[in-house]
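Q: Based on the provided sequences and hints, a complete structural model is requested.
Heads up: the sequence lines are chains V and F, in that order. One point on numbering: in the working numbering, the residue at position 90 of the first sequence is 90, and numbering is uninterrupted. One point on numbering: in the working numbering, the residue at position 215 of the second sequence is 609, and numbering is uninterrupted.
Treat each hint with caution, since some may be false.
Said to hold, decoys possible - Taking lysine-lysine pairs in the BS3-like style, the calculated list, with each CA pair at most 27 Å apart, reads:
{"no.": "1", "chain 1": "F", "residue 1": "Lys508", "chain 2": "F", "residue 2": "Lys722"}
{"no.": "2", "chain 1": "F", "residue 1": "Lys693", "chain 2": "F", "residue 2": "Lys578"}
{"no.": "3", "chain 1": "V", "residue 1": "Lys173", "chain 2": "F", "residue 2": "Lys722"}
{"no.": "4", "chain 1": "V", "residue 1": "Lys137", "chain 2": "F", "residue 2": "Lys738"}
{"no.": "5", "chain 1": "V", "residue 1": "Lys290", "chain 2": "V", "residue 2": "Lys151"}
{"no.": "6", "chain 1": "V", "residue 1": "Lys137", "chain 2": "F", "residue 2": "Lys722"}
{"no.": "7", "chain 1": "V", "residue 1": "Lys97", "chain 2": "V", "residue 2": "Lys137"}
{"no.": "8", "chain 1": "V", "residue 1": "Lys331", "chain 2": "V", "residue 2": "Lys290"}
{"no.": "9", "chain 1": "F", "residue 1": "Lys572", "chain 2": "F", "residue 2": "Lys722"}
It is worth saying that the hints were derived from the structure and are not from the lab.
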Amino acid sequence: MIVNHDTRIDRRRLLAGSALFGAGTLAAPRMTFARAPGEKNLLFVLLRGAADGLALLAPVGDPALPGLRRAAMAEYESAQRADGFFAIHPALSEVGKAFTAGDALFVHATATAYRERSHFDGQNLLETGAQVPYGVKDGWLNRLVAMTPTKAGGMPPKALAIAPTIPLALQGKAPASSYAPSALPDASDDLIERVSRLYADDTQLSGLWNQALETRAMASDDTLRNLRDAKAAGELTASLMRGEARARIAMIELDGWDTHANQRGRFPRQARQLDTLLGAYRIAMGDAWKSTMVLVATEFGRTARFNGTNGTDHGTAGVALVLGGAIRGGKVIADWPGLGENQLHEGRDLRPTIALESVLAGAAAEHLGVDPQDAMRRLFPGRETAALSGFVRT
Amino acid sequence: MSKQSIALNRFGYGMRHSETAPSVLVRDPRRFLLNQLERYDPSPRLIADNIGKSGQGAQLIEMLRRGRQTRRSARRSAAMTMDDGAIAGTASERDQLASANLDTNAPEYVEARKRARRAYRSAVADRINVAVMSDTPFAERLVHFWSNHFSVSVENLGSQYEVAQHEFAAIRPHVLGKFPDLLKAAVLHPAMLIYLDQYRSIGPNSPFHYSRKRRGKRNETLRQRGLNENLAREILELHTLGVDGGYSQADVTEFARALTGWTLEGLARFPGYSESHGQGTAFIDVTHEIGPRHILGRKYSPGGAEQALAILDDLAAHPSTARFIATKFARHFAGDAPPEPLVKRLEQDFVRTGGDLASLTETLIAAPEAWRPGPAKYRQPHEWMISALRIAGVERLRDYRLFMSLNEIGQLPWRAPSPAGYDDFEASWAGPDALFRRVELAERIAHNSPSERVVERAQQAFPSALSDHTRLWLERAESGTQALALLLVSPEMMRR
Numbered sequence: 001m002i003v004n005h006d007t008r009i010d011r012r013r014l015l016a017g018s019a020l021f022g023a024g025t026l027a028a029p030r031m032t033f034a035r036a037p038g039e040k041n042l043l044f045v046l047l048r049g050a051a052d053g054l055a056l057l058a059p060v061g062d063p064a065l066p067g068l069r070r071a072a073m074a075e076y077e078s079a080q081r082a083d084g085f086f087a088i089h090p091a092l093s094e095v096g097k098a099f100t101a102g103d104a105l106f107v108h109a110t111a112t113a114y115r116e117r118s119h120f121d122g123q124n125l126l127e128t129g130a131q132v133p134y135g136v137k138d139g140w141l142n143r144l145v146a147m148t149p150t151k152a153g154g155m156p157p158k159a160l161a162i163a164p165t166i167p168l169a170l171q172g173k174a175p176a177s178s179y180a181p182s183a184l185p186d187a188s189d190d191l192i193e194r195v196s197r198l199y200a201d202d203t204q205l206s207g208l209w210n211q212a213l214e215t216r217a218m219a220s221d222d223t224l225r226n227l228r229d230a231k232a233a234g235e236l237t238a239s240l241m242r243g244e245a246r247a248r249i250a251m252i253e254l255d256g257w258d259t260h261a262n263q264r265g266r267f268p269r270q271a272r273q274l275d276t277l278l279g280a281y282r283i284a285m286g287d288a289w290k291s292t293m294v295l296v297a298t299e300f301g302r303t304a305r306f307n308g309t310n311g312t313d314h315g316t317a318g319v320a321l322v323l324g325g326a327i328r329g330g331k332v333i334a335d336w337p338g339l340g341e342n343q344l345h346e347g348r349d350l351r352p353t354i355a356l357e358s359v360l361a362g363a364a365a366e367h368l369g370v371d372p373q374d375a376m377r378r379l380f381p382g383r384e385t386a387a388l389s390g391f392v393r394t
Numbered sequence: 395m396s397k398q399s400i401a402l403n404r405f406g407y408g409m410r411h412s413e414t415a416p417s418v419l420v421r422d423p424r425r426f427l428l429n430q431l432e433r434y435d436p437s438p439r440l441i442a443d444n445i446g447k448s449g450q451g452a453q454l455i456e457m458l459r460r461g462r463q464t465r466r467s468a469r470r471s472a473a474m475t476m477d478d479g480a481i482a483g484t485a486s487e488r489d490q491l492a493s494a495n496l497d498t499n500a501p502e503y504v505e506a507r508k509r510a511r512r513a514y515r516s517a518v519a520d521r522i523n524v525a526v527m528s529d530t531p532f533a534e535r536l537v538h539f540w541s542n543h544f545s546v547s548v549e550n551l552g553s554q555y556e557v558a559q560h561e562f563a564a565i566r567p568h569v570l571g572k573f574p575d576l577l578k579a580a581v582l583h584p585a586m587l588i589y590l591d592q593y594r595s596i597g598p599n600s601p602f603h604y605s606r607k608r609r610g611k612r613n614e615t616l617r618q619r620g621l622n623e624n625l626a627r628e629i630l631e632l633h634t635l636g637v638d639g640g641y642s643q644a645d646v647t648e649f650a651r652a653l654t655g656w657t658l659e660g661l662a663r664f665p666g667y668s669e670s671h672g673q674g675t676a677f678i679d680v681t682h683e684i685g686p687r688h689i690l691g692r693k694y695s696p697g698g699a700e701q702a703l704a705i706l707d708d709l710a711a712h713p714s715t716a717r718f719i720a721t722k723f724a725r726h727f728a729g730d731a732p733p734e735p736l737v738k739r740l741e742q743d744f745v746r747t748g749g750d751l752a753s754l755t756e757t758l759i760a761a762p763e764a765w766r767p768g769p770a771k772y773r774q775p776h777e778w779m780i781s782a783l784r785i786a787g788v789e790r791l792r793d794y795r796l797f798m799s800l801n802e803i804g805q806l807p808w809r810a811p812s813p814a815g816y817d818d819f820e821a822s823w824a825g826p827d828a829l830f831r832r833v834e835l836a837e838r839i840a841h842n843s844p845s846e847r848v849v850e851r852a853q854q855a856f857p858s859a860l861s862d863h864t865r866l867w868l869e870r871a872e873s874g875t876q877a878l879a880l881l882l883v884s885p886e887m888m889r890r
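A: Given below as structure tokens:
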């Protein structure tokens with residue numbers, strides 16, 4: 001495909017093909033939340049450190065891009081095109097395949113309500129769903145667990161963090177478990193057996209203990225010592241989300257996205273890791289992929305312009321990814337703000353035009369069969385924007 | 395739980411392997427605790443010998459600045475433009491080098507990072523070992539409580555050297571002293587000034603800025619050298635009034651202005667103007683925002699370093715602070731939702747004594763609500779680890795092992811995820827995977843510990859409080875080692 005960098009485009013570039021913006025133009029929810037509940041899986045992947053959206057999905061059709069990132073342009077020469085305007089970073093080959101298959105979509109120029117540039121507060125806001133850092137104590141994903149419908153008489157959906165402790169996004173009233181391979185030597189079977197008996201009289205400890213044993217029994221690979229091997233981590237996550245006792249809502253974190261320098265060396269490594277994890281997860285989910293959605297998000301984007309060491313500093317808008325076997329993929333959702341000098345946020349960052357909260361709430365609600373406006377209100381209270389729709393095939 | 399078991403475990407860190415119950419514990423558990431306050435050692439040898447000199451954090455930061463300057467001038471001479479970028483306050487150490495546009499792989503930085511990490515690891519080990527060997531474990535718990543209240547972190551390059559200093563020089567001397575002194579020492583210590591970005595906060599109308607504007611340097615780096623509200627906000631929200639304590643954004647900004655000038659000693663920027671305030675802290679008059687300040691309805695006249703100190707004294711004496719501190723203190727000993735009468739009594743004590751922490755602690759000891767028989771708290775990983783090592787009889791675990799173990803069970807000192815410190819609610823700690831890890835670690839500790847008389851030790855460690863069920867399973871263990879592992883993860887060890 002030929003990409004003409006000089007193509008003149010409308011600033012309002014609606015690639016989604018559906019009306020997405022503002023409550024007034026929002027498509028009426030198609031009552032998707034009325035369908036049979038209880039069968040869906042949701043995985044939230046949090047990229048900690050601010051992943052560079054302009055590198056993940058490069059707007060090669062924007063005439064200003066080469067001026068901002070000349071050193072990076074070569075990378076995208078033979079990269080897969082998402083469409084005539086955006087190119088997928090070459091390290092994201094598995095994501096690219098899913099995109100072609102209609103199993104992945106990108107949302108570009110998206111950001112939470114946070115407009116400062118601290119990782120710390122940005123992540124807090126993305127995880128709690130609050131509008132100000134530390135405004136809310138529990139996580140939006142935990143609140144989503146409580147909202148997720150179950151089959152009549154069924155157990156509430158199991159929630160699991162693929163991490164040593166439960167990250168903020170999954171903390172809250174709804175019960176959640178956590179699992180991560182540890183570097184500690186395995187406890188002997190005999191001790192495990194005896195601890196079960198020791199806790200028999202203790203409701204709390206036996207509950208926690210049985211949950212831990214159950215989660216460990218589900219884990220496919222107990223030779224892992226940590227989550228650094230992306231393929232193994234993807235397969236492990238899938239193994240915990242398949243079968244009868246599976247977790248239906250899960251979360252995994254990938255850190256190291258804070259690419260202040262030498263981005264061309266470090267960013268592809270990060271992207272490949274994400275790609276490997278998602279690819280391994282997709283394959284390992286097997287048939288269950290059809291009923292699975294993966295949401296990938298980061299606390300904020302990075303500066304549009306490369307800095308003096310070919311890296312990027314903390315910015316504002318970036319990219320979110322939605323994957324799954326039943327999503328209406330193969331597209332980029334964006335209201336492209338442009339990269340021209342006067343189009344950038346504070347003269348340096350990609351300007352946010354889509355609320356990330358609307359993406360997360362909308363996609364999760366459609367997928368799980370929850371009322372999208374209710375999801376928006378409870379997961380991300382106080383927002384003026386409505387939940388977006390059109391993520392899931394009907 | 396018996397009163398004896400409460401004194402040992404809820405207030406302290408449990409009994410040590412070789413210890414036997416002193417008669418005072420049997421006779422008068424409250425006196426047993428008061429005695430510990432009298433014997434408290436604010437500067438234990440182990441820490442005092444290893445603490446090193448203060449100011450190493452500032453040295454590291456200076457090294458970064460020099461490196462940055464060298465590169466900047468090199469680049470300027472090549473007539474290239476650059477985006478200096480905002481230097482993030484809370485990125486990882488590597489990223490801070492990167493964001494300073496420095497080569498993260500340059501040998502001098504690699505070496506500096508390695509040294510800093512080693513210093514941090516050994517500080518963690520010293521802290522744990524002091525508590526493990528202490529015969530005043532209740533006092534050590536108080537140290538850890540206040541240290542967590544004024545939480546600092548090794549997130550920022552340079553702070554690895556300062557966090558242990560912070561606890562040693564700013565927290566330990568004051569845990570039985572006056573809250574206003576503790577507050578001033580803790581928030582103006584280099585560790586806090588680095589952690590919450592205070593050291594580079596500069597008054598927009600300070601003499602320094604005026605002189606730069608005159609020299610026409612307005613555009614270059616001024617945008618990142620202005621007011622930073624981080625410390626001011628956290629003092630109000632986390633250290634004194636509490637988030638609902640009745641302050642506004644205007645109070646935050648005013649307080650931030652008053653705090654300008656407080657920075658690290660040894661930064662090369664303004665050597666002639668730096669006035670030392672001890673412990674590596676300095677006040678630099680030329681970066682202080684000139685003028686009176688209005689905070690929480692009070693006016694503070696212009697006054698350099700004294701201005702912020704006067705505000706801190708007033709914040710310490712604010713009624714919201716008494717309430718906030720009383721609640722947190724009660725929560726740590728009497729349960730996640732502490733009984734209101736206890737909170738009230740602590741609050742009144744705090745107000746009446748002007749924040750006398752010895753008196754506050756004595757009031758806690760005297761309070762019946764703190765002695766309610768059922769377990770009041772789920773032990774956090776850090777306190778479980780200390781208690782486990784004490785009862786197991788492990789003397790001095792190697793720094794690295796200790797560090798990694800704490801990391802695996804999820805609670806390293808000086809690594810709390812936010813300036814609020816580690817939270818004190820059961821929900822954050824009672825997790826399935828976290829429990830499993832304790833079992834894994836318990837077995838490993840048991841394999842490296844004396845394993846005789848485990849049942850007898852358990853009965854001593856939890857006087858009249860060891861359940862028949864636990865005793866039964868300890869007796870049935872196939873070996874002393876297994877019995878010890880089971881004891882370490884018993885319900886009695888998980889809660890206090």
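Q: Hints first: check each against the structure and report whether it holds.
A: Checked hints:
1. Lys508/F with Lys722/F: violated (36 Å)
2. Lys693/F with Lys578/F: holds (20 Å)
3. Lys173/V with Lys722/F: holds (21 Å)
4. Lys137/V with Lys738/F: Holds, at about 25 Å.
5. Lys290/V with Lys151/V: This hinted pair holds, its Cα atoms lying about 19 Å apart.
6. Lys137/V with Lys722/F: holds (16 Å)
7. Lys97/V with Lys137/V: This hinted pair is violated, its Cα atoms lying about 38 Å apart.
8. Lys331/V with Lys290/V: Roughly 18 Å between the alpha carbons, so the hint for Lys331/V and Lys290/V holds.
9. Lys572/F with Lys722/F: Holds - the C-alpha atoms of Lys722/F and Lys572/F are around 17 Å apart, at most 27 Å.
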